[in-house]
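Enquirer: Sequence:
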Amino acid sequence: MNEILSGTVDGVLTLTLNRPEKQNAITRAMYQSLANQINEAAGDFGIRVLVIAGAGKHFTAGNDIGDFFNDPPLEENSPVMQFLSAVHNFPKPIIASVHGNAVGIGTTLLLHCDLVVSAPDTNFSMPFVTLGLVPEFGSSYLFPKLVGHQRASKVFLLGEPFDSKFALEVGLVAEISETPDLVAAQYATAIAHQPPSAVIQTKALLKSGHHDAVTAVMRAEGELFKLALQSDEAQAAFMKFLANKTAKK
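Position 210, counted from 1, in the sequence shown is what the numbering used here calls 210; the numbers after and before it change by one each time, with no gaps.
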C-alpha cells in the first residue's frame with residue numbers, strides 16, 4: 001500500500017497520509033517521500049497550491065514511535081529534517097485539512113501552513129516533553145507567538161491537548177467545517193486560479209518578518225531534539241509508551 005497518496009488536479013497537488021491502521025503515524029520512508037514530492041512541486045510551475053490531508057479517522061498520530069526508537073533520525077540530513085526544510089521553504093500556499101488526532105508534527109506542521117481547515121472533532125497535541133523530547137519544527141517560537149507564553153507553556157510543559165475551538169480562537173486554523181477535505185479543496189482551487197506570481201510574492205511577504213528567525217530556531221531545536229532522543233529520559237518514555245500501546249491491544 002502506498003503510504004503517501006499523491007494527486008494533482010487543476011494546479012493543486014494533494015498529498016494524503018495513507019496509513020490509517022496506524023492513525024497515519026509517519027515513518028522515515030514517509031518523510032522521505034513527502035520531502036521529495038514537496039521539493040519537486042516547489043519548482044513545478046504547473047503546481048500552484050499544496051494540500052496536505054490524512055486518510056481514515058485521523059490526520060496523523062505524529063511520528064511512528066517504534067520507528068523513531070529503533071532508527072532515530074540523528075543524521076544531519078535525515079528524512080524528517082528534509083521534510084521540515086521542504087515545508088518551511090515551500091514558496092507556494094500550503095493548505096491542511098485536519099480531523100481526528102493531530103499529534104506532535106501533526107500540530108506543529110500547521111504552524112507553517114497558510115490555511116488550515118479543521119473538523120469539529122480534531123484533537124491537537126504536542127506531547128514532546130511527556131516523551132522526554134523538546135518542541136520541533138519552529139514550534140517553540142511560532143506557537144507562543146500565536147497564543148502567548150502562558151498558554152504555550154501549559155500546552156508544552158503539561159502535554160495538554162486542545163480542541164478545534166481553541167485552535168480557531170488563537171488562529172491556528174482558519175475555519176472549522178464538517179467537511180474539511182472539501183473546504184480545503186475549494187480554497188486550494190480558488191487560490192490556484194489567482195495570478196500565481198502575486199500569490200507567491202504575497203506569501204513571501206507574509207512570512208518575511210519571521211522566516212529567518214524560524215530557520216534559526218528550527219536549527220537549535222533540531223540539535224536539542226537529537227540530544228534528547230539519545231537521553232535516558234526519552235528512552236524510558238518511549239519504552240513506557242510502547243508498553244502501554246502493547247497492553248491496550
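A hint or two may mislead.
Here are the simulated DMTMM-like pairs of lysine to aspartate or glutamate, each with C-alpha atoms no more than 20 Å apart in a straight line [what the hints assert, rightly or not]: (1) LYS207 x ASP114; (2) LYS145 x ASP121; (3) LYS240 x ASP67; (4) LYS240 x ASP181; (5) LYS22 x GLU76; (6) LYS203 x GLU175; (7) LYS226 x ASP121; (8) LYS145 x ASP114; (9) LYS240 x ASP212; (10) LYS154 x GLU175; (11) LYS57 x ASP114.
Here are the simulated distance ranges between beta carbons [stated by the list, open to error]: (12) SER208 x GLU233: 34 to 40 Å; (13) ASP163 x GLY46: 20 to 26 Å; (14) GLU175 x LYS154: 32 to 38 Å; (15) LEU168 x LEU227: 32 to 38 Å; (16) ALA42 x PRO20: 24 to 30 Å; (17) GLY148 x SER208: 30 to 36 Å; (18) GLU175 x GLY46: 41 to 47 Å; (19) GLU175 x LEU74: 17 to 23 Å; (20) PRO91 x LEU157: 32 to 38 Å.
Derived from the structure by calculation, the hints contain no laboratory data.
Cβ atoms here follow ideal geometry from the backbone N, Cα and C, with glycine treated the same way.
Enquirer: Hint by hint, say whether it matches the structure.
Expert: Consistency of the hints with the structure:
With a C-alpha separation of about 10 Å, the suggested pairing of LYS207 with ASP114 holds against the 20 Å cut-off. A distance of roughly 25 Å separates the Cα atoms of LYS145 and ASP121; the hinted pair therefore is violated under the 20 Å criterion. For a cut-off of 20 Å, the pair hint linking LYS240 to ASP67 stands: about 15 Å separates their Cα positions. Taking the CA atoms of LYS240 and ASP181, the gap is near 35 Å; set against the 20 Å cutoff, the hint is violated.
Between LYS22 and GLU76 the alpha-carbon distance is near 27 Å, which puts this suggested pair outside the 20 Å criterion. Between LYS203 and GLU175 the CA atoms are separated by roughly 19 Å; this keeps the pair inside 20 Å, and the hint holds. Annotation: proposed proximity of LYS226 to ASP121 is violated, straight-line Cα distance about 32 Å (limit 20 Å). With a CA separation close to 16 Å, the supplied pair LYS145 and ASP114 stays within the 20 Å bound.
Note on LYS240 and ASP212: the hinted pairing is violated, with a Cα-Cα distance of about 37 Å set against a maximum of 20 Å. As the CA atoms of LYS154 and GLU175 are separated by approximately 24 Å, the hinted pair breaks the 20 Å bound. The hinted pair formed by LYS57 and ASP114 fails the criterion: a straight-line CA distance of about 23 Å is larger than 20 Å. Between SER208 and GLU233 the Cβ separation comes to about 37 Å, which falls inside the hinted range of 34 to 40 Å.
One distance hint, 20 to 26 Å for the beta-carbon pair ASP163 and GLY46, is violated here, with the actual separation near 37 Å. Checked against the hint of 32 to 38 Å, the pair GLU175 and LYS154 fails, with Cβ atoms roughly 25 Å apart. Between LEU168 and LEU227, the C-beta spacing of about 35 Å keeps the proposed range 32 to 38 Å intact. Between ALA42 and PRO20 the C-beta distance comes to about 28 Å, which sits within the given range of 24 to 30 Å.
The given range of 30 to 36 Å is broken by GLY148 and SER208, whose C-beta atoms sit roughly 23 Å from each other. Checking the proposed 41 to 47 Å range against GLU175 and GLY46 shows it is violated: the Cβ atoms sit about 27 Å from each other. In this structure the supplied range 17 to 23 Å is violated for GLU175 paired with LEU74, their Cβ-Cβ distance being about 38 Å. A hinted range of 32 to 38 Å holds for the C-beta pair PRO91 and LEU157, which are about 35 Å apart.
The structure is inconsistent with the numbered hints 2, 4, 5, 7, 9, 10, 11, 13, 14, 17, 18, 19, although it conforms to all the rest.
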